[in-house]
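**Student:** This is what each chain is made of:
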Amino acid sequence: MLRIDDLSAWYGEAQVLRGVSLEIAAGEVVTLCGRNGAGKTTLLRCVMGLHPGQRGTVELAGRTLSGQPAHRRARAGLGWVPDDRGCYATLTVAETLSLPPVVGPSPWSLEQVYDAFPHLHARRNAPSTTLSGGEQQMLALARVLRMGARLLLCDEPTEGLSPLLVAQVGDILRQAKQHGVAVLLVEQNLHFATTVADRHHLLAEGRVVESLENSEVAAREKDLLAYLGI
Amino acid sequence: MRTKAFVMLCSTALLASACGGGGPKSDAAGGGLSDGKVVFGVLNDQSGAYSQLSGKNSIKAVELAIADYKEKYGDKAVVKEFGVETADHQNKPDVANAKAAELYDRKAVDVILDVPTSSAALKVADVAKEKKKLYFNISAATTDLTGKSCNKYTFHYAYDTYMLANGTGRNTTEEGKKNWYIVYPDYAFGQDMEKSFSAAVEAAGGKIVGRDAAPFPNTSGDFSTYLLKAPTLNPKPDVLGTMQAGAELVALVKQYNEFKLRDKGVGLAVGLMFLTDIHSLTPAALAGTTYTDAWYWNHDLTNRAFADRFKTAAGVRPTFAHAANYSAALQYLEAVQAAGTDGSDAVVKQLEGKTVEDVFLRNGKIRAEDHRVVHDAYLAQVKTPAEVTEEWDYVKILRTVPAADAFRTPSPDCKL
Amino acid sequence: MVNFLQHTFNGLVGGAFLALLALGLAVIFGMLRVVNFAHGAIYMLGAFGAYVLLTEVGLSFWWALLVMPIALALFGMALERLLVARLARLDPLYNFLLTFGLTLILQDAVKSRYGVQSSPYDAPAILSGTLDLGAFDFPAYRVFVLVMAVAVCVGVWWLLSRTRVGMVVRAATERPELSTALGIDVGRWVTPVFGFGIGLAGLAGVLAAPIRAVNPLMGADLIIVVFAVVVIGGLGSIFGSVAAGFAIGLVQAWVQALGEDWALLSQVLVFLVMAGVLLWRPAGLFGREEAPA
Chain D
1 MLRIDDLSAW YGEAQVLRGV SLEIAAGEVV TLCGRNGAGK TTLLRCVMGL
51 HPGQRGTVEL AGRTLSGQPA HRRARAGLGW VPDDRGCYAT LTVAETLSLP
101 PVVGPSPWSL EQVYDAFPHL HARRNAPSTT LSGGEQQMLA LARVLRMGAR
151 LLLCDEPTEG LSPLLVAQVG DILRQAKQHG VAVLLVEQNL HFATTVADRH
201 HLLAEGRVVE SLENSEVAAR EKDLLAYLGI
Chain Z
1001 MRTKAFVMLC STALLASACG GGGPKSDAAG GGLSDGKVVF GVLNDQSGAY
1051 SQLSGKNSIK AVELAIADYK EKYGDKAVVK EFGVETADHQ NKPDVANAKA
1101 AELYDRKAVD VILDVPTSSA ALKVADVAKE KKKLYFNISA ATTDLTGKSC
1151 NKYTFHYAYD TYMLANGTGR NTTEEGKKNW YIVYPDYAFG QDMEKSFSAA
1201 VEAAGGKIVG RDAAPFPNTS GDFSTYLLKA PTLNPKPDVL GTMQAGAELV
1251 ALVKQYNEFK LRDKGVGLAV GLMFLTDIHS LTPAALAGTT YTDAWYWNHD
1301 LTNRAFADRF KTAAGVRPTF AHAANYSAAL QYLEAVQAAG TDGSDAVVKQ
1351 LEGKTVEDVF LRNGKIRAED HRVVHDAYLA QVKTPAEVTE EWDYVKILRT
1401 VPAADAFRTP SPDCKL
Chain E
2001 MVNFLQHTFN GLVGGAFLAL LALGLAVIFG MLRVVNFAHG AIYMLGAFGA
2051 YVLLTEVGLS FWWALLVMPI ALALFGMALE RLLVARLARL DPLYNFLLTF
2101 GLTLILQDAV KSRYGVQSSP YDAPAILSGT LDLGAFDFPA YRVFVLVMAV
2151 AVCVGVWWLL SRTRVGMVVR AATERPELST ALGIDVGRWV TPVFGFGIGL
2201 AGLAGVLAAP IRAVNPLMGA DLIIVVFAVV VIGGLGSIFG SVAAGFAIGL
2251 VQAWVQALGE DWALLSQVLV FLVMAGVLLW RPAGLFGREE APA
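Line by line, the protein sequences give chains D, Z and E.
Under this note's numbering, the first residue of the first sequence is numbered 1, with each subsequent residue one higher.
Under this note's numbering, the first residue of the second sequence is numbered 1001, with each subsequent residue one higher.
Under this note's numbering, the first residue of the third sequence is numbered 2001, with each subsequent residue one higher.
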């Protein structure tokens, strides 16, 4: 589904990504782990086309995205779930859901979204920034599902959420996976990551330093936690 | 250009001694002309709000005066060579100050003319005093030029706030419109006008029932608050006296018509108006409005003949400022002719106390006490559109205010 | 009481001009983060255009009301494409300077062609009378101005809040990068929005022509007040700019009506209010703190 080849990125003079390559198949959930500053968010922004200083190839379902502006990439099937949850003060919940165009073959309908997230239905006419943190996260996820995105770019969707809500995020991602949606997930919560992901990439100083199958994680948990500085 | 090259040559150290006697700064105290010619300096607004009422066309007026002088004296003329320099003071006192000094010192100007905007006009008076060079103010209104800021080298030529107030304020009140509501722009000119008008109205037995200081500059260009207020004052004013000038006057008159104040019994009196303002507003907008004019181009055949010449040169009919610039330039040349020199003190001596008749000055006299140039003024009324038969002929003269009454008596504040 | 009502109504009319101009500025600032200094000059072009259409083409006020905003909107779009867009990536100061320079050019261009004196322009005959508003009479044209301004503001509000286009513009205005990542082509909306804001300024200019002095400098002083209005309302806040425009119009009319002793206050009022609002709420009455990019 997604193929990243030899991707490098800079902030001015400073190089933050150094030749990252990875692939994600349809229906696969892949996490990016690593310390703060390892380049995880930059990698997502590069894939989305939001980072100007980048070199390398990004392909979605065989179509190259490199050099395309972000809105074209979104229309090609990328679903953006930013770390700040991307809510608008000037848009209601319902408007936030219907803002992005439908980009994939199997978008959720508004009814499906409201069935799955009754809270959003109750607050549908409120400005989306007035939702609680958990509700905002649900909104951000519901929005990309409604687009019918084929690949979700999720930046720490569980950050700051209660265990109950974390579990709900997990349910949503697994549900998406069942529909063949691929997910590139930036995640600090290793435990959560193992409940949803198929594979994990460890990022350090802009490079993928280790790649693991989910089944390998349990055996190496200690090493990994040390790596993440936890 | 030749003058410039000459001045530059002189200013080089090597030649300094050789041509020092003919240098532009030297005063021809011993007779003859400084640098062999007379140079006029027209200093006024050439791009802003007052650039139509005098502006570059004042230069044309000065050129007409030079032509008339040449024709009159022919071979006997003391002045054989002439120059006209000009500068834009942008209505800013500091710019006026610098430009005046530059005209006198570097452009070898013998006399500065025009200078609208009272604050700028007063600055130039200071420069004239310091440089001991002549200055005829034409287009500024402040009576301070012949009051506390008067000096030996400054003459105030065309009009002032007293003349305007005395003409319009007194006459309108004596016609029976006794109750006045005055709206004035909140800066030196407006405040001066308001005081002059209030005094004139009250002296004639009238009463100021309300006065308002409008913001200056009036950013929105809106005067509707005052126009709404006018008919609600108690007692109701017979006349709204506006002291606004230029574009603000245009806006106020437009809105006066819009609010139908004439129908509500509140007449309009305008403190200061130029022919160009009437042209902007169209006579229809101002029909019936009375104001005081220092001169009107179509008042008699003499004026009209001058106006025809001016139109050939400038393409428009002259305002009173244009005519006054002509007159001032001509009277200066006459004084030089009589004195045989352009030395400032000798010229001032010729001018002081002189009685003059020319196209602008009727029953004119250059007062020795304060250098006020007094002359007949006119109470004018804007024609109705039906009465207008010729472009620019927008006004009829109701009556003449005799020179003796038109201006104030010399102020004790003035010590030349 | 009647006097008070009259001054209140009149204040709303004065506010209508401020609101229309502030609305255009806010729309442009919201979308482009450009403080359009040329807004006052565009207002002047609107009024002057009406005059030129009448005297040189023979088109009436009503035609001008239709033609000038559209013509200026097109002019604005060309301007955005040719000049503003080139500086968009730099510090916003560059575009501020660009529009400042443009103001001088436009003013001087009109000045050199038509001179500085005011040009005559009358209200259409049908609106030249007064209208009985129950408690008092009021010039019909001013009532028309108020109705037009309110209609335009309500129209813009409806467009922004009730249509898909409006939703997209709101999203693009509030968080351009996020909106791009959600598949919105933000760049596509920049040019029309800029043109729209310019068109509003042109409309205000046409409306001003019959009751204000039409000359090349008519927008030069006004624009400073409109900036203050936009700051009071909250930079980029559509609702705030309109509300602040009407509010400033009202307060100004009331203070001016108080009389001569309050003249100084009426002159600096807008700026006092602005200073007060900024101290109390730095983002303006209805503004939000800048959202993270």
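Be a bit skeptical, because a hint or two may be false.
Stated by the list, open to error - Keeping only pairs whose Cα atoms sit at most 30 Å apart, straight-line, the calculated DSS-like set for lysine-lysine is:
(1) 1132/Z - 1092/Z
(2) 1415/Z - 2111/E
(3) 1177/Z - 1349/Z
(4) 1177/Z - 1131/Z
(5) 1415/Z - 1195/Z
(6) 1349/Z - 1080/Z
(7) 2111/E - 1080/Z
(8) 1070/Z - 1107/Z
(9) 1365/Z - 1152/Z
(10) 2111/E - 1092/Z
(11) 1177/Z - 1072/Z
(12) 1383/Z - 2111/E
(13) 1076/Z - 1396/Z
(14) 2111/E - 1311/Z
(15) 1129/Z - 1092/Z
Everything labelled a hint here was simulated from the structure, so no lab data went into it.
**Student:** Taking the hints in turn, state whether each one holds.
**Tutor:** Hints and how they fare:
no.	hint	result
1	1132/Z - 1092/Z	holds (22 Å)
2	1415/Z - 2111/E	violated (42 Å)
3	1177/Z - 1349/Z	violated (44 Å)
4	1177/Z - 1131/Z	violated (48 Å)
5	1415/Z - 1195/Z	holds (23 Å)
6	1349/Z - 1080/Z	holds (22 Å)
7	2111/E - 1080/Z	violated (38 Å)
8	1070/Z - 1107/Z	holds (22 Å)
9	1365/Z - 1152/Z	holds (16 Å)
10	2111/E - 1092/Z	holds (19 Å)
11	1177/Z - 1072/Z	violated (48 Å)
12	1383/Z - 2111/E	holds (28 Å)
13	1076/Z - 1396/Z	violated (40 Å)
14	2111/E - 1311/Z	holds (21 Å)
15	1129/Z - 1092/Z	holds (19 Å)
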